[in-house]
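*Asks:* Here the protein sequences line up with chains L and G, keeping their order.
Here the first sequence is numbered in my numbering, starting from 340 and rising by one per residue.
Here the second sequence is numbered in my numbering, starting from 176 and rising by one per residue.
One or more hints might be untrue.
Which chain L residues face chain G? A few, computed with CB under 7 Å, are given here [as the list claims (entries may be wrong)]:
#  : residue
1  : Gly503
2  : Ser528
3  : Asp531
4  : Val534
5  : Ala536
6  : Val603
7  : Arg611
8  : Leu668
9  : Gln669
10 : Ala672
11 : Thr674
These stretches of chain L come out as covered by chain G in the derived footprint (C-beta under 8 Å, 3 or more residues) [as the list claims (entries may be wrong)]:
#  : segment
12 : 374-380
13 : 538-550
14 : 580-592
15 : 595-602
In short, the hints are calculated from the structure, not lab data.
Don't be surprised by glycine CBs; every beta carbon is placed ideally from N, CA and C.
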Amino acid sequence: MSETASSEPMLEINDLHIRFPVRRNMLGRVTVENHAVSGVDLTLMPGETLGLVGESGCGKTTLGRTIVGAQQATSGSIVYDGRDLTQLKNREKGRYRRQIRMVFQDPFSSLNPRMTLRQIIGDPLVATGEAKGAELEDRVAEMMRKVGLSPDYMDRYPHAFSGGQRQRVNIARALIVGPKLVVADEPVSALDVSVRAQILNLLRELQAEFGLTYLFISHDLSVVENIADRVAVMYFGKIVELADTAELYEKPSHPYTEALMSAVPIPDPSRRGRTGRVLLPDDLPDPTKPPPGCAFASRCRYAEAGRCDTGEVDFVDGVRCVRSEELELQGIAKTDAQ
Amino acid sequence: MSEPHSAQPLLEISGLKTGFDTYDGKVPAVDGVDLTVHAGKTLCVVGESGCGKSVTARSILRLVDAPGRIEGGTITWHGDDEPFDVLSLNHDDKRLQRLRGGDIGMIFQEPVASLLPLRTVGAQLVEVIRIHTGMDKQAARKRAIELLDEVGIPKPEERVDAYPFQLSGGMCQRVMIAIALCANPSLLIADEPTTALDVTTQARILDLIRRLQAEHHMAVMFITHDLGVVAELADEVAVMYLGKVVERAGVEEIFADPKHPYTRQLLESVPVLGRDRGRDLPTIPGTVPNPLHRPKGCSFHPRCSEAIAGRCDIDEPPEVVFDGGRTAQCVLYDDQTEGDRA
Numbered sequence: 340m341s342e343t344a345s346s347e348p349m350l351e352i353n354d355l356h357i358r359f360p361v362r363r364n365m366l367g368r369v370t371v372e373n374h375a376v377s378g379v380d381l382t383l384m385p386g387e388t389l390g391l392v393g394e395s396g397c398g399k400t401t402l403g404r405t406i407v408g409a410q411q412a413t414s415g416s417i418v419y420d421g422r423d424l425t426q427l428k429n430r431e432k433g434r435y436r437r438q439i440r441m442v443f444q445d446p447f448s449s450l451n452p453r454m455t456l457r458q459i460i461g462d463p464l465v466a467t468g469e470a471k472g473a474e475l476e477d478r479v480a481e482m483m484r485k486v487g488l489s490p491d492y493m494d495r496y497p498h499a500f501s502g503g504q505r506q507r508v509n510i511a512r513a514l515i516v517g518p519k520l521v522v523a524d525e526p527v528s529a530l531d532v533s534v535r536a537q538i539l540n541l542l543r544e545l546q547a548e549f550g551l552t553y554l555f556i557s558h559d560l561s562v563v564e565n566i567a568d569r570v571a572v573m574y575f576g577k578i579v580e581l582a583d584t585a586e587l588y589e590k591p592s593h594p595y596t597e598a599l600m601s602a603v604p605i606p607d608p609s610r611r612g613r614t615g616r617v618l619l620p621d622d623l624p625d626p627t628k629p630p631p632g633c634a635f636a637s638r639c640r641y642a643e644a645g646r647c648d649t650g651e652v653d654f655v656d657g658v659r660c661v662r663s664e665e666l667e668l669q670g671i672a673k674t675d676a677q
Numbered sequence: 176m177s178e179p180h181s182a183q184p185l186l187e188i189s190g191l192k193t194g195f196d197t198y199d200g201k202v203p204a205v206d207g208v209d210l211t212v213h214a215g216k217t218l219c220v221v222g223e224s225g226c227g228k229s230v231t232a233r234s235i236l237r238l239v240d241a242p243g244r245i246e247g248g249t250i251t252w253h254g255d256d257e258p259f260d261v262l263s264l265n266h267d268d269k270r271l272q273r274l275r276g277g278d279i280g281m282i283f284q285e286p287v288a289s290l291l292p293l294r295t296v297g298a299q300l301v302e303v304i305r306i307h308t309g310m311d312k313q314a315a316r317k318r319a320i321e322l323l324d325e326v327g328i329p330k331p332e333e334r335v336d337a338y339p340f341q342l343s344g345g346m347c348q349r350v351m352i353a354i355a356l357c358a359n360p361s362l363l364i365a366d367e368p369t370t371a372l373d374v375t376t377q378a379r380i381l382d383l384i385r386r387l388q389a390e391h392h393m394a395v396m397f398i399t400h401d402l403g404v405v406a407e408l409a410d411e412v413a414v415m416y417l418g419k420v421v422e423r424a425g426v427e428e429i430f431a432d433p434k435h436p437y438t439r440q441l442l443e444s445v446p447v448l449g450r451d452r453g454r455d456l457p458t459i460p461g462t463v464p465n466p467l468h469r470p471k472g473c474s475f476h477p478r479c480s481e482a483i484a485g486r487c488d489i490d491e492p493p494e495v496v497f498d499g500g501r502t503a504q505c506v507l508y509d510d511q512t513e514g515d516r517a
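In isolation and in its complexed conformation, chain G is listed as follows (with noise of 0.2 Å):
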């Protein structure tokens, strides 16, 4: 992918496929998945549940667990030293546990359920500070306690012995955010982070996000279904439906000119505060098909209003790429059927 921005890539996937047997037959949650984080720029990657959103974060990590596995592509990490892939690595490599937790933190939807509940925050916080510094007990907790200051919880120096039960939701996700940051990574993957939490809470969170990255120059890996949210924190846009990215560009690019028909179709569809008082919403007809009935050709042709009968169900939509480099997955801008249209 061309570059929007003349920042340097940090993580370049490519071709990425994950895949889960099931007794139904092999699920292709992650199907042939492209996609680009800069250095100190944030990547927003938004689609429904079923997408392969989730999976392609987990899949970074290598953190997808049987029945699931990584089927082909390359996961390229442009970090410090020599690029490599990190699909390469063996499960025991010691380059992988710098990887996960060091080099790259990572946040769940979930914030209290990713917290363990017998161990107070501190001690969790003390063990992964130890395993990626090094630390002492006492010079790890100190640090604990300047993280959690950081993160914007008050009396750090008390919360530090509480456990997760004491905290409320935004609390968790801070102490989950001080975790992700204690090895000053280069790269913060969000799986939806604030879906669970109030809009109050979520803005607080969004906000922190946003002065953690400007401080410590993150690149950051967004994943929700929240097109508000896209738009407040975004360089880059992702969008993803049934396994593929059907659209990559900018953030302007995406909510002023979206070219997939199903990116524009969803930001029509959803509710926005001031616009769409009392009256019918335009639709996306059907729902998100079970991934193992994949429609053939495109598999957003059957809710999609511009499919063209004989080509959208038939063959893989090609990827157009436009000025700038921003891409879509959508036969509207192949060069064959401009002709037609025109």
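Bound conformation, chain L alone (with noise of 0.2 Å):
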């Protein structure tokens, strides 16, 4: 799916920066900022599964909603079909909000309960008008049974179903518009572990009906690493490393992207105990002060006074690390299923 070296990206973020304000003073001016998303450059192509990974607080569900358009950007640009996102008028979003759809991560309080499956499925539909009466119902019929799910449950509430046919209501409305981008926040982080195997083969299976672009969010690199093409590891704001799964997974060039590798554990128990783990330490810097130099360089075993702690990083080719070509970072080998 990612021969599409020749095509125009379908999006392009620029230099992104999201901040919260924390605290004001006496004149309402912000005097604290919570830095989330702080100059992130991100390309999508057209048809691809775009992985994004990190630990809790790195800014990655910031960022997916900043591209729905669910949160505002303080600066830069994200650019899709020659506009730029983050300068719509409001009459202009809701013909992006169509193309461009969120899945969430807990199906449980991410569907209305008061309402039925066929509200909440239509509801895209009868928002902007495009379908009513029987119409409504045979296209909700009909992605309802592309998700899996039987249109004879058609009016029956979400407490009446389990985490993942939730999750297939979640994904359905977010089809049923005909978007092109889906970014997807944890779809499967809720579930339970027999079910998720079935909604990763479902995304991939629509991506290939619908010819979908996915943002999937994810902070379970198992996951990541089964469902996406390329890989962008987020940090404390900044994507510190981008590359096509099976490079950044077998040789890492950033040793966060190599530390949070080694943490997973693998289900093998001739594995325990195998050599490389790294531990980092706890202390994650303050998001409202941004250190100099690399955010990672508290936490990195290979960090040098000096080097790492001064001036800004800049990512090239593909890693933000002063010192990624003198490395030798450890990957995980390809393993063949059993």
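Grab the two chains, each in its own frame, and use the hints to assemble them into the complex.
*Replies:* Structure below.
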């Protein structure tokens, strides 16, 4: 799916900053700000799945919400179809809301308990005035079949369904208006392990059928490895590494990527106690006072005083690390499925 | 259950039944569970939401609130003195109070929610230390700082006066572990202690639990849904599905040669780093049924790829004991069916 090098990018994010005010002085001027996203550049190619991984608080959800227009950017641009989404007038937004949709993490709180599946899934069509009556019903039924739900359930309420089924409802609601880009924010994290595979396979199937582009946000590196064509690793509001999935997992270039991968428990007791596990210290920087130099330096075992803690670190050849050339980092070897 | 290890049993659960009365009927959350935790060993209880793993753990400490009720079975504690049945104790029995937090420490999934937000972590630690050891305030505070240091909290003499909101999730879980450890328990029950944490924090908490276990010769009952964590930590594994233990085995056995179809399908369907890049995953069809409408016969049969019509959907599966003591609740290994299959 990544043989799209020649085509135009679907979405281009340029130097995006998102800051949240934390404290104001008596004149109402912001004195302390939380830097959730600080200078993200990212390009999505049509038809690909870009995985976005990082720990909680790194800004990955904020970035996703900004792309779908649920969050205001402080500065920078998000260019889609020749238009900067951050500069849209209110009346122009509807068009883009139909093309860029979001699937949320928690299938329990993201569905209105007082609406039936027919209302939930059909709502985007009703809101845009695109369909009503018999046509609406047909389209909802068809969408339900596509995501693996029986249309017989159309008049039931979300409480009657399990997490996996609700996530199918969430996906149906996102896809019914025919989007091109779907931002999926931790779509399987809240699900039971035995139904995660179903939803991942479903997302892959729908992508092939509708030619969708995914931004797949997750903290789970095994899930991202399974579904993504390329992976961006985010730390403290910045992309620190971006590469094709195979390359990133086998030959990570950023020490944070290495640490993140080594921390994932492998379901194979014979590999217990394998060497090379990197235990990161806890001291995360304060998001209201970004440190000079590399934000990861305080936890990085390769950090060099004088090099890593001063000056802005540039993003070069897919990695934001001054020492990446000299380091031999350990990745995950590909093993065969039994 | 026969023992795959020579270690002494420390806690023996037999035929435990815990149910919840709801308006829609009784939910048998734990439905006849047998488990043994051996002294100094780690038992991982693995299962999905609703399988009864947490309720089993809470039943051990009698922490099941109404409308939940422990309805049957025995929980035998083989601590230092005469073995006794925890379930036979009265709610205000001194022995039960000593068991909770004394012999058995417990940590939970949401560390920040498990700590009182309005008291410093030091005050919460000191209280527990004083209850279980009878130390005076100064000594208990000194001990609290030692414990915080032991669980890897930097600058413990400052952090002892911090409120939970001032600490990260990982730090709060360390405080919880310190509280659980303050009376030198012989058993630590950990209910999904790393599920709400980042992977990097999880790695360090698991490391800490392993180290403390070795130093204190403590048994650990670790409840999780993450098979990776099981592989990292367990000596023995119990797999639960809808209120029952469907398979029990040593950790190598369960990963190398899973017997129960549920265990096998679960191991295949979970994406593994380095194994499942870009491929369609094998799935377990359907979803975990509502425990109110438990399928007849084997509760896994509607999702099982090897279910035998006419048997699995009618009869409760037998518990088959294999050489070496591992067990599986499945007709596939019953003598009767083995004849049919051959």
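*Asks:* Enumerate the violated hints, using their earlier numbering and listing them in ascending order.
*Replies:* 2, 8, 9, 12
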